[in-house]
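Enquirer: The task is simple: from the sequences and hints, build the whole structure.
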Amino acid sequence: MIRLWQNVQSKRNVVLFSLTIFLLFSFNAYAAPDGKALFKANCAACHNASDKKSTGPGLMGVLDRIPTGDWKYNWVQNSSKVVASGDGYAVGRFNEYNHTVMPPFPALKKEDIDAILDYTQKGDVPKPVVTTGAPTQAANATDETNPVFLVIIILVLLIILIAVLRFTKINLRNAANEKDGLPEQPAMPFLQAARHWMHHHKRKCALIGIFIFCTLVGKGWYALKGIGVYAEEVHPNEWVGYHPSQPINFSHKIHAGDNAIQCNYCHTGVENSKTAGIPSVMVCMNCHKVIDQTVNAGSKEEIAKIYTATGWSPDMRAFTRAQQPVVWNKVNVLPDFVWFSHQQHVVVGKVNCDQCHGDVKNMVTVEQQRPLTMGWCVECHRTTPLKMEGNGYYTALHEKMKEKYKDQPITVAMAGGIECGRCHY
Amino acid sequence: MANDKKYWKGLAQHTNESQFVEKHESEFAEYIPVEEFIGNKAAMETSSTNRRDFLKFLGFSTVAATLAACETPVMKAIPYVQRPEDVIPGVANWYASSFFDGHDYASILVKTREGRPIKIEGNTLSTITMGATSARVQASLLSLYDSARISGPKMKSGNTWSDKNWSEIDREITPKLEQSKGIAILSSTIISPSTKAAIAEFSAKYKNVRHVTYDSISYSGMLKANLSSFGKAMIPTYHFDKADVIVSLGADFLANWLSPMEHAKQYSKTRKVGKDKKTMSKHFQFESILSLTGSNADERFPVKPSQLGQIALGILAGVGGNGSAPSVMKNEVAKVAAALKNANGKGLVVCGSNDAAVQLVVNEINKNIGALGTTVDWENPDFTHQGDDAAVKKLMEDMGTSIDTVIFYNTNPVYTAPKIGNFEAAMKKLSCRISFAGMLDETATLCDYVCPDHHYLESWDDHHPRKGQYSIQQPAIRPLFKTRQAQVSLLKWSGINGDYHSYIQKTWQNNLFSLQNNYGDFTAFWNNTVRDGVIELTPVIVAVVDAEKKVEKKKPVADSLATETPASTSVGMNDEISFTGGTLTLSDATSQIAAIKGGAFELVIYTKTSIGNGTQSQNPWLQEMPDPITKITWDNYIMMHPMDVKSLKLFGLLEDKDLLVRFDQMEDKLDVASITANGYTIKLPVWFQPGQARGTVGIAVGYGRKGFNPIIDATGENIYPAVGMTSSGTLSYDVYDVTIADSGDDQHVIASTQSHSTIMGRNEDILRETTLAAYAKDDRAGNERPMMQTYKGEQDVEKVNLWNDFDRPNHKWAMAIDLNSCNGCGACIVSCNAENNIPVVGKDEVHRSREMHWMRIDRYFSSNVVKEVAQAKGDLGNLEMYREMENPTFDNPKVAFQPVMCQHCNHAPCETVCPVLATNHSSEGLNQMAYNRCVGTRYCANNCPFKVRRFNWFNYTEYHRFESTNLNPAHDLMGRMVLNPDVVVRSRGVMEKCSMCAQRIQAGKLDAKKAGIRPVDRTIKMACEQSCPADAITFGDLNDIKSAVSAMEQDGRKFEMLEETGVRPSVFYLTKVWNREDENAHL
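For the protein sequence lines, the chains are A and B, in the order given. Under my numbering, the first residue of the first sequence is numbered 1, with each subsequent residue one higher. Under my numbering, the first residue of the second sequence is numbered 1, with each subsequent residue one higher.
Below, in silico cross-link-like pairs of lysine-lysine (DSS-like), each with a Cα-Cα straight-line distance of 27 Å or less:
no. : chain 1 : residue 1 : chain 2 : residue 2
1   : B       : Lys-394   : B       : Lys-196
2   : A       : Lys-253   : B       : Lys-76
3   : B       : Lys-1005  : A       : Lys-387
4   : B       : Lys-1005  : A       : Lys-404
5   : B       : Lys-1005  : A       : Lys-406
6   : B       : Lys-1042  : A       : Lys-402
7   : B       : Lys-76    : A       : Lys-361
Everything labelled a hint here was simulated from the structure, so no lab data went into it.
Expert: Next up, the structure:
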């Protein structure tokens, strides 16, 4: 039931998200392409295209503030020179922004600078996105027909039908008796009648009983197999798993998918530790010091949660408050008594992240997409060829194995990869 | 635990009223009339609940419980908000640091995981300890997480303690210090230059401040003797590795005396033999108790402590000095003296006595045999023992008169001081008593203020253990409690604010930075020193002055740097030891020795290998570590020769036969005797110790603590009060006249881990020994191949095989244990405990043979009834013969140690009997144990010929029975911080055993795979191997033909335990070689 509902929600989110992205792109299509691209490539690390301060001042309306003439070109191409020349406005800004030097951009031509300033002059405030969630949700909900509900409804209807039919039958019989002048037979209580019926239809009862028993045992068996396992293969290669909501609505689709950030940019431990590690919130701040909202609805509130966690005051642009760690819900959890190492698999085994974590790049909420059971591990170890080429550790072993197994592919299991003591100690 | 609140249900529980206790102990609170109900037939028949209903209820509740258990909990993950730069979760960080508790010094590496120290290992960069650790150093880690530690400063008002914060306590203490007539800082030895500087600051601030060094195990006698002989109140460095003949007069130098880890390392070098080295040092030992060192000696002579002086004089005469022949052991003394003479300057005599007279004679012997400059190194004197008994005596006289305030730092005189001094009474005369103790120990309890110091793993410090050798003590964790480092307190009271870390840096910048020229920049110098943990700064010239001949021999300066060294360094870097004990001459010494009158029974007060001087008595790892000789845990006892028991007619034992019967029962219960020494009487159980000198008894210090927890407090009795004074004015740990009587008390239950004493004549199967002479002729001496009768005739067991051999394509792990190096100290056991999360089970469980240690060190005495003797006796039946073989020779048995862990048999008998395949074999030769598969049939333990499998009888981490005792590190939340996250904590009902540190092998392999190379030999080290101070254990890959272990496998001394069973162990041993004429010389 819960899983079903989560399913519904996740699908809804996907739809919502795709809609948002679609809107975003359609909106962007009308912006000045040249200036925006240049701004993103050169300036966005320190400047906002709005009037908000970042490392440097917000660039909206900047032309109204700065000295006129070629000053803007000189400043952009080599700001230090302008400051050194003792220009009053330049020195004032330099002091205002804590003596942060703006790096020189000699490559930017005058037209480029004009294009950028033209783009920023108007500002780039994201417009609120119209949420179209409600109809989508409704559409989704009706799409999903719940077989269990259906069965229950049919059963209830059947029981009502039987009751009505029985009532009618008794009434008819009484009416017939009345007509024949026979005494009115008192109606048997329902349970007694059922027992009476069962007494006369033993074979049918036995068949129904056996059917119910078998169904329950079957269901129970599968239910037991699912204990502690959060992922299920509903169709070949299509997995549905545990995806709890998180304290911050962090979307891997936006970060790892759309923005193509490498997994190990945040999960730094993956190549040098057993755990890939959930990144510290300060890693988020690498980008989100600057990006305090996006075009996505609710982004400002979600990003503000990072600020709360790190104690960052966006107005003062400093860490002023107490830090509050984020309590995430673990999604991919291995059983306790197994020693699993990410670096072994990623560095030595050259396994891709998605092999065990699924299509994270398209996950809005992270979902466990593989069962992470021992059987699943062992299956992979039995079928995956051992990556021995080019690794001096395996040279001698490779020779011995080639001799022993001839043309057979040498799997991880053949080199002892399914021995108990490799993972359990 | 930080929050160690105790809740009471009511006053009855608080006061422990007997009725309450009785009720509390029964399972149900109220009486339930089960018998009456079942017995009442009428009631049963009229009951409406019938059997079928019962079954229905049963079924329903089972299903309900099952369904309720199906829900899987939501797990949380809390990452760092800001990850520290050098912390990667899942990767260990190592910090170099130093251990010094006023008794033992070691340079160490601390392994931390996610900010918690979880393991201590030796620092190989140190030229003093050379990477060695001892059981006590290993276990000091657990003391960090002791929930009995004081969480903040305390003040006593009336009889109750109140918690204060630091500014409050400073406000209280400062005016008191200002008003004091005189302040004494009483501490154990301080070797920290910065601490000494801080004390100097304190002395400058207040009037009449005196720093007195008091060591509970004092070396004042040596200081006094050295001052007399060499003009320096210092202790030289000894080089056992350069000695061909080692003579020890009661010095347990491998486990307790002076610098045991260093000595063990040096000693093992001279004891190792191999293809190119067929020589060994010859070790003679004169002693009263059977010490660890004595049990390793080639020739051991049991003597009374009162005779040690005479023997020293006898040796002196024998080597051409001004001595005199002894009245006892004339032949032995002559033999030893001759050996020393023949060593040509490569002899060494050490003495464990704290009597300056005896030590002076020993100095004379060393001078006469030319040991100075070869084995006795005066160029690098040792500073780790500076206790000045005379100054302590003077302080006690002045307490209440010129001294009215005493600050106690790392010392506990109320517990350790002799009864004759009556320290408690002297303490009452003071007007202000301040303690820096981290726990409310016996002295702190009587103080007015307790300003708890950090644990050493939480604090910065520096150490100057030896001339020219400096080391840094670096914190590996933030302070767990609101404690404050003692030095910071002293500086604060001297009006100096700031942290101690920068204070040390300042001291180093001013005093030590100029002594080197490797680094031009102080920051680089400091950072490198902190990283290495140790630094050698050019030694300053030491003048060796022969006090009698008044000749000054200046040693040439090897390094030109030394000439630049300032002649006298400033405060804190002073190499002088303050000593007020005075001097004596050889003729004084001779007359003092002559005046010693031995009694009928003499007492030796000794330090145990596990507990040491008692600063760590509350440590469960040490308490549960079996004593290397007696194999007893959780107790101290009177060690006594059984014939003495007979001669005293104690416990109704009159016949030899009674003694033997009693010896059989000894692993269970002991009789209790009362002993009176120096006017102090205690009752302790009597342990029949083979090898104990007749007319002597031995008792270990460090037990009978008060105020920790009920278990520790009930463990043993304190013998410190029986310590006396020698005629040369130093503390005497030998009492020459004691009385022993039957106490009449009930027998005392003891927990011993070894229920047999001898090898029962199976030398060739279990442990093989030979003599050096035989080994020099044939490297297979004493190591004959076991043969087996087959249909093809007699064959080597190696050729007879019931099973197919298995392929080991990648690695073939193996471990070699050199019995010649192993001295039995037990550092490996504690190291294994820490590495593998082994639970502490407590005395009661050890008594039931349920200790959980994955490795043990078997200690075998020898019996004079070997099979041949038994057969010669003729009339012995089999039972009688084996009983006699089991009882060791009491007078002076040969002792042998053998570390035993899982032998990782290639044809393991445990694997074939496991019904659930929980234990099976890896392709790398390891016997692996999958705990989750284990159902606890214990067939494997039953089928193991080595008895190395341990069964988990309880869920030690949660079972309430172990909670109150607070023994198990995994039990409270604080203690759990010590657990190694790479090793699972086993639960109840599973079998466990040595995994051959599977986690370390896997980690080592992974490192190699990442680097694309084969693992480098000896980089994967087992926990036991790493901690071994004698380098007795070698682990490696037999498939790597260049590995050290492969070379050992080819050695003629190699043998496998119980080889004829054909189990093909991966652990093998190298024969023990004795440097004595006859292998059974001790018999």
